[in-house]
Structure formats: C-alpha cells, structure tokens
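Protein chains in written order, with my numbering: chain A, 1 to 326; chain B, 1001 to 1290; chain C, 2001 to 2430.
Think of the hints as simulated: they come from the structure by calculation, not from any bench. Some clues are possibly wrong.
Unchecked claim - Computed cross-link-like contacts, DSS-like style, restricted to lysine-lysine with a CA-CA straight-line distance of at most 30 Å:
{"hint": "1", "chain 1": "C", "residue 1": "K2391", "chain 2": "C", "residue 2": "K2076"}
{"hint": "2", "chain 1": "C", "residue 1": "K2310", "chain 2": "C", "residue 2": "K2183"}
{"hint": "3", "chain 1": "C", "residue 1": "K2395", "chain 2": "A", "residue 2": "K268"}
{"hint": "4", "chain 1": "C", "residue 1": "K2216", "chain 2": "C", "residue 2": "K2395"}
{"hint": "5", "chain 1": "C", "residue 1": "K2391", "chain 2": "C", "residue 2": "K2102"}
{"hint": "6", "chain 1": "C", "residue 1": "K2277", "chain 2": "C", "residue 2": "K2398"}
{"hint": "7", "chain 1": "C", "residue 1": "K2137", "chain 2": "C", "residue 2": "K2181"}
{"hint": "8", "chain 1": "C", "residue 1": "K2277", "chain 2": "A", "residue 2": "K268"}
{"hint": "9", "chain 1": "C", "residue 1": "K2049", "chain 2": "A", "residue 2": "K268"}
{"hint": "10", "chain 1": "C", "residue 1": "K2183", "chain 2": "C", "residue 2": "K2346"}
{"hint": "11", "chain 1": "C", "residue 1": "K2346", "chain 2": "C", "residue 2": "K2076"}
{"hint": "12", "chain 1": "A", "residue 1": "K268", "chain 2": "C", "residue 2": "K2429"}
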Amino acid sequence: MTGRRIGVAVAILALIAVPFVIGEVYYVNIASQILLYAIFALGLNVLVGYAGLVSLGHAGLFGVAAYVTAYLLAAGYGHLVAILAAIAAGLVVTAGFAALALRATGISFIMISLALGEIIWGLAYRWISLTNGDNGISVATRPAPFGLPLTSARGFYDATLVVFLVAVAACAIFVRSPFGAALCGTRDQPRRMNTLGYHVWMIRFWAFMFSGLLTSVAGILFVYYNEFISPQALALTASAEGLLMVISGGAGTLLGPVIGAALVVIVKNVVSAYVTRWNFMLGAIFVAIVVFMPEGLVPGAVRLWRSAWRALSRREAAVIATRPQP
Amino acid sequence: MTFWLLLTVNSVTFGGLLFLLSAGFSLIFGLMRIPNLTHGSMFMVGAYLGTSLLSGALGITLNFWLAAVIGAVEVALLGALMERLLLRRLAGQQLAQVLVTLGVSFMAADLCLMGWGGDPISVATPPALAGFLRFGGAVFPLYRLAVILIAAVVALALWLMLERTRLGAMIRAGVDDPQMARVVGIRVSQLFTIVFALGAGLAGFAGMIGGPILSVYPGLDQDMLPLALVVVILGGTGSLLGSFVGSIIVGFIYNFGQALLPELAYFILFLPMVLVLALRPQGLFGGQVL
Amino acid sequence: MFRKLTPRKENLAFRKMTRRALLAGTAAGTAAALARFPTPAIAQAAPFKLGLLTVKTGPLAQGGIQMEQGVLTYLKETNYTMGGRKVDLVSADTGGNPAGTKTKAQELIERDKVDAILGPLAAFELLAITDYIREQKTPTLSVAGADDLTQRRPNPYFLRAAAASSQAMQPMGHYAATEMKLKRVVTISEDFAFGYEQMGGFQSAFQQDGGCIVSKLWPPLVTPDYTPYAAQISDCDGVCQGFAGSNPLRFMKAYANTGLKYPVVTGETGGDDALLKSFGEEAIGLISCTPYTVDLDTAGNNRFVEGMLKNYDTIPGQYAAIMYVSCQVIAAGLQAVGGDASDKEKFMAALRAVSLTDTPRGPVKFDHFGNIVGTFYVRRLGTEGAKYGLKLWNKTIKTYENVSQFWTWPEQEFLAHPVYSRDYPPLTKC
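One chain only, chain A, in its complex shape:
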C-alpha cells in the first residue's frame, strides 16, 4: 500500500514540475490540453467503463457548458456567475439526456446518445441568434481565482492541474465507494442487481449526472483555454475522439482515460506536425487497440508488466530454492 502512495505522490510532483521541466510555452499548452481532455475522458469513462453504457454524444454535454460560459461572458456577466450557470445548465441537460437515453441499453443507448449529441450540435450550428453559428463566440478574458491570473500558459496549466487532481480524486473515491461497486454490478449483471433490490435505473442516472458534471467542468476549461467556442467542438467527431481516448487508454480503469487523452492530444497536435495524415493514424491506432488490446493501453501495459514481474519472481524463487544450503 505504501508503494502505491509513494507512486501517487511522485506522479503529482511530476505533474507539478511539468512547466519547469518543459520550458517551451507550446508544450506547456499541450500539457494543459491533455489535462482538460483527461477530465472529459474521465467523465465519459464513468459511463463507458463503469456503467457499461457507451455514449457517442458526450461532446454535446461538453459543448453546453462551454457555450453557456461563453455566452454569459459575452453578455457581460462575471466569471463566477458564468461558471456556476454553465455547470447548472450542463447538469440540467445531462438529466434530460439521461431521462431519454436510459430507456435503452447497449447499441440502442449508443444511437440515442448519438442523436442527442447531434441535436445539441445542430442547435449550436443553426440557432444563429443564440450561438452565432459557425462564427463562434469569443471569450475575452480568463478568470483570476484568488487574484492569480491565468493568462500565461504556466498559470493556466497550474489551475487546470488543480482541477484535474480534484477530478481524479473524485473518480477514485467514486470507484471505491459502494455506489461505484453497485454501478459495476449494474454493468456486469443488471438483472441480478435488480433482483437483489438495487434500483438499476437510479444508479445509472446518478452515474450519468456525475459523468455530466465532469464533462461540464472539462467544457468550461476548454472554453477558457481556447478563449473561443464554435460548433466544431460538439460534432460527432469530437464525441468519437472522446470515446477513442477512453477505449484506447482502458475503459473501466482510473488511469486509462488519462493516458488515452494524452495519446489522442499528442497525435493530434504534436505528431500532426510531422505526419500529415494524422487522422488516419488516429483511426489505425484505434482499430489496432480495439482488435489486439481491447482492454486498452493501461490494462494491457499493466498486464504485461505484471506477467513480467511474476515470471521474474518465480525465477528468483526457483534460483533461491536450488541454491546449495550451507
């Protein structure tokens, strides 16, 4: 157990050290993007990994929070008001999504979530008087919590890191809680859970709300990061990329979505400078992972690591056993 705690502390220190180790503003920004998309992926993972409900419409929830923030800021409201309103709006829309989508499971769920995501996208795209359509809404300033400005790359990174750590902690608590266990139960054996007296629908509903909360937070960070929001961020491709992050990293694990987010962001931004056809690469990596390593990169890597560890410990035990006794 202490080993794990040390590991966590080291990881946190490493993350804090990132802006110092990586001097260049550009890469610090990439790191910020990885963290905010990781929060999005963590939110999606609550549904995909732990509830077993694959959603192809989460970019819609992401977008609702982002648009509400941008709209209120443009209308002249303060940051705190905008952020709170965005989270509230995000939760309301999530509740609506959940009420409609949870009537189905499996493939049906995918289709409903896709349709709902498309509805939100369609509204963002065509309700010009509200959202400015394709022109998007610009955000002029970033908030300054406790007087610390977030305009610099480093400042924004630090703020995002704090939010990220809180999100990860929240997920960790969630997963280890009885509610989390019940959720996994509904994923694996919904009928038995029902028989045992668990209200499957309510469990899924609250999981959906938690997922929506994380997604909304990610959306707010996104709009502050880019200082801009446009309908592209809500398109089907954005939902698909979110799913890619979760699946490639490892659905149903805590770290998986984070690694997946890092993978996708790096391919999109960094690799794209060297490889023109990065979309193809993204698709190919995705297909390869789904076919060969369906549990995702993190569990797959963990599996390989563990089997290597076990093999070595067995070997060492064998060596010790055969050593000549004094």
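Keeping the supplied structure of chain A fixed, place chains B and C upon it in accordance with the hints.
For chains B and C alone, kept in the frame of chain A given last:
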C-alpha cells in the same frame, strides 16, 4: 405553388437517394446488430471511385452507369475484406465491432483525402438525363426524377431477393433469430460477409448516383451517415419497407426543414430519432427490439 | 505436470534481468517519456521563418491547397529568398475550424518561432486568433475577409492584400444597379461572417444606386443540396450569391435545376478562376467582381500563372494569387528593413508602407488600417477567351481602380454604421 411542388419532388428524390444508402445499413444492422459507422465513408468512397472510373482510371472512359456499378462492386469487395479481416475477429462483441467501424471511418476519410485531394469533384449528369421536364409551371430536372425510378427499381430487386430467393430467406432468418438460424444450419458468419458486402456495395452505388446532385467532397461521409441512422431508426432495423418509408419521411423533413425552419433544421431531423428510440425502439416497421 | 507450466524459454530471455532491474527500467522509461520533447532546431540568425496557416482537410480544403500552391510558386520563383534572406516555410493545417487555427497559430509562433504568418483562410478562423497575434506581435497577412479587423476593431499586426469581405461586393452592387439595371435581387450566401459581410456590402451599394433586396437566404456552410434554398428564389430580377470553397459549384447546379434564368452576380469566391475547370455550362453568364482575375494580361500575372501551371498544372484563383502577392509584400517589407525583422513594430510599419505596381492583381497599396486599396475586376463567365485548355473563362468586362474598403463613402460615415451582419443592413419594403 412552384415552391411546394419543387420541394416535394426534391424530397422524394432525396428520399430515394437515402433509401439506396440506408437499405444496406438497415440490413447490416438487422442481421449483425451493429450500426455500421463506416457506412457514410462507403458512400463517399463509392462516389470517389466512380468519378475516377468516369474520367478514365481504368484506361478507358466508362459511361456513368457502368462507373457506378463497377465502383459499387469495388466498395462491396472492400466491405467484404473489412468484415473478414476485422469484424469477424470480434465476432459476438458488438460494441467492439461498432468501435472498429468508427476507427475505419477515420482511416477511410483520410485515405480519400490522400487519394483525391481536398478539391471537391463535380460529377457531370449523364448526358441522356441532362434535360428538364416542365409540368405545372415548374421545372424538374430529369436526373432527379430518374433517381426516384432507380430507387424504386433497387427496392423491388431487394424485395424480390429477400422474399423469393434462398439467400433472402436466410437473411430474414438471421435477422429474426440468429441463434435459431445457426441451429437450423445456416452459415451465419458467411451470411454476415455477404450482407456486409451487399450493404457496402449499395452504399457505394448510392454515392455515385448522388454524385450529380451532391458532388463528391471531403466530409460527405459525415454528412450522410447521420441521415442513414435517422432513416433506419425511424423505419426499423432490418426492414426494407421501413427503410423505404423512413427515407421518404427523412427526405421531406430535411428539405422542408431547411426551407421553412432553418434554425431548427437539425433539431427536427434528429428529434424523431430520439423519440422513436425512447418510445418505440423497433421503429415503425422493425421486427425485433434492439 | 506443473513443471511444464514454467516457461523455460522465458527464463532464458530474462536471464540477465532481475525484478529490481525491471522496476528500474520502468522508472527510467517513464522519466524519459515525461522529459521534454525533442525540440526542432531553432535557427536564430539566418533564415526568415514564414508560417502558413492553411486548410488541407474539410470543405474549405480546396482554397487552402491553392493558398499553399501560391506561396510555393513564389518561393520557387525566387529560390526561397525574400529581401536577401533565405526563407524557411512552415505549413500548418488548421482543419478549417477556429479551435484548430488557435492551436496551429500557437505552434507556429511558440514552437517554430516564425517571423510572419500567412493566412488563415477563413474569417471565423482569423477572428479566433486576432487577439493572440496582436499579443504576440506577429505580422499576419491573410486572405480572410473579416471586415472589422481593418475597420472597427483594427488589429495593428494585420495586413490584408486580398479584400475585406465587403470590399469586392460593393462595386458589384454598384455595377448590378447601374450597368445591369437590376432592381430586385435575392441574396444567398453561407451562414457565417464572410457571407454576411459580402451580402451586406452588396446591399449597401445596390440600395444606394436605386436597387432593393427582396429577401436574404442563408444556407449553412455545409449544405449537401441547395435545392430547398434555390426553390425559395422568386419575385426578383437577379440573384446575388456569395458562396466560398466548392459551394459555388453546387449552388450553380442547383440553381440551374430549378429552371430559373435570372442573372447571377457574385464576389471574389463565387466565380473563382480555380473553379473554372469544374464549372459546367450552367455557370455561363455568371458575373463576378474580384480582386484578382487570371485574365489580367500583365507581365507580373503572366509570370505567376505560368509558374502555377508549371509547378502544379492548375489555374490559380483568388487564394493562390493573393498569397503570392502577400509574399511579394513581405519581400518588399523585408527589403525595406534591410532584412532585419527582429523589431516587430518597425517591420510591421514597413509592411504597411509597401506599394507595388507589378503584382498579379495589379497595383497594391494599403490604407491606414492595413487593408488593400487596389483594382477590382468585373468579369463574365463564358467560353470567350478561354486559355490553357479550359472550356470556360472569366472575361474581364469592367475595371474599378483604387477601390478601398469604404467604396465611395467617406471613412467616418462608413465606420459609424455597425459592421455588416445577418440583419444589417436591414431589409426594406421593395
């Protein structure tokens, strides 16, 4: 008056095109229980291959119809390849199969960009149908009327295949109950390949047929896939009649929506899909519940 | 039996390894992965770094690819030299969306340390990065319309050698009213900034000369089938379209399919010369007003067109030509500062002071907002004069010289009005 007439005819035309696109999607969904998210890409690839054939890729310039058919066959073969190499490895894991189709759609889109460039390609209307029909003060392009006819012919052919041939019977059995079909001795996995190829081929054919109306451009796949989804959900998966009726309905919603309620155009397109999924998941004509 | 389960072969492979080594190796690997990414060599002194924000994927890709071809044609012609310095071009694909543009702009400025940026392509992309480039003080030369960036929200680091969105449409409105004698026009253009500003410009000039706009239609940027919109065109004697990218091709087809025969007028993108190879007979008769025409028979243009044909076997349109001209402007500016672009304010001032005569689009100079004052060409699409193996050609029928972004209105009066938008100027009873 002209406005309504023109839009009505266009709705039926667009519906016809959507039927060609969605019939395959519906069959794949009904039989294999997966929404083939590569379907839009197949439409686009068929259109691109068709235009290449039209401009002489095989050394000889083909006429429009031949290019459409050969393009469709090529896409069918690609579909069969995809099914055997990727989907069959994940037999039984529907979720994984859906994700693979998603990944392949990313790859296909980029390959098309690599192969044909970012320039949109205009497809010339076949010369025999380049004229107009004047009726009731309105003008109707012959080609658009022809699309309705083609869709009807293909619908009839598919219906005959499904109702009157052994293959059709096997497909229907597979759609109704794959387990029992296997018990009875039907090679369901082989059927999967055939139906997937058929669906792909139909989509490719639709792409080329749609060429003179929509032209071919990067992003065509993203535009058409959601429409196919709406059609199939509305009409019911695995049901040919459902696809046909669903296509016409969506054709009307799409055209009149864009013209009369532009701000809510997509909302009214997808809302029926959501309602159907939430209230009547088997669609208007579908057999089994998903 | 259990002995068989211990894979001896595996032991052979791990002979030298212990668990400690495995642990150490994993830690080292993770540390290496988290270490800084290899940064590309940043040449500090010699080459002039030029960034290009273009679109190579998506519906606007057609224009984006042309942009790059125009820049490369210039660089190949001058052997990658500008103002006596070697040029290093870094190209970035924004994907045709504002978020992508922001990321790529950051990449170019922060990672590649470019001295100037060419592009981006679309108005909404430019609007997304205008604050950023102003902060970073990077001279940016774009084809993007976005009127206000040289009007009410001027960006001192921005230079536009193309035309403000409304700049080409104002002479078009004047021409439509005075020479084509149109009185009632329906406008149709994409539902974004570029569309609004174009149609607004047309409406202002058209109304001033006695015309009236009957209705305005706004299909979205990506519309597979324009028929529902074309079907709404009625009760008029002319149509004004402002489509961009490849949309003009589809619109003209859909329009022809409705059987309507009203004359169609358009601006810089709706009848772009690069589309000549793709237009069909339905486009014959299209009148367009553009900042560049391939038709222009001058030494500067002929050299440019031949360069494009030689390098890419393609006829240049607006996007390629304006990028080529922008390169000429940068070269002239760099020459004026003696090759030293490190003082950004000085370099920007030199760029704004550039005045050229022999560019592919004719004489070029900038007003105090950094927007071009130049010649605009009214052309008619037909078969007459077709060259370079094309069937169709845009033949110049009128030229307006020294056109500024304010057309014939005094600057103060123009700026007092709000920027052209979806509802401005408002529709009046016809």
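Evaluation of the provided hints:
no. : hint                 : result
1   : C/K2391 with C/K2076 : 29 Å, holds
2   : C/K2310 with C/K2183 : 44 Å, violated
3   : C/K2395 with A/K268  : 44 Å, violated
4   : C/K2216 with C/K2395 : 28 Å, holds
5   : C/K2391 with C/K2102 : 40 Å, violated
6   : C/K2277 with C/K2398 : 23 Å, holds
7   : C/K2137 with C/K2181 : 47 Å, violated
8   : C/K2277 with A/K268  : 34 Å, violated
9   : C/K2049 with A/K268  : 23 Å, holds
10  : C/K2183 with C/K2346 : 49 Å, violated
11  : C/K2346 with C/K2076 : 27 Å, holds
12  : A/K268 with C/K2429  : 51 Å, violated
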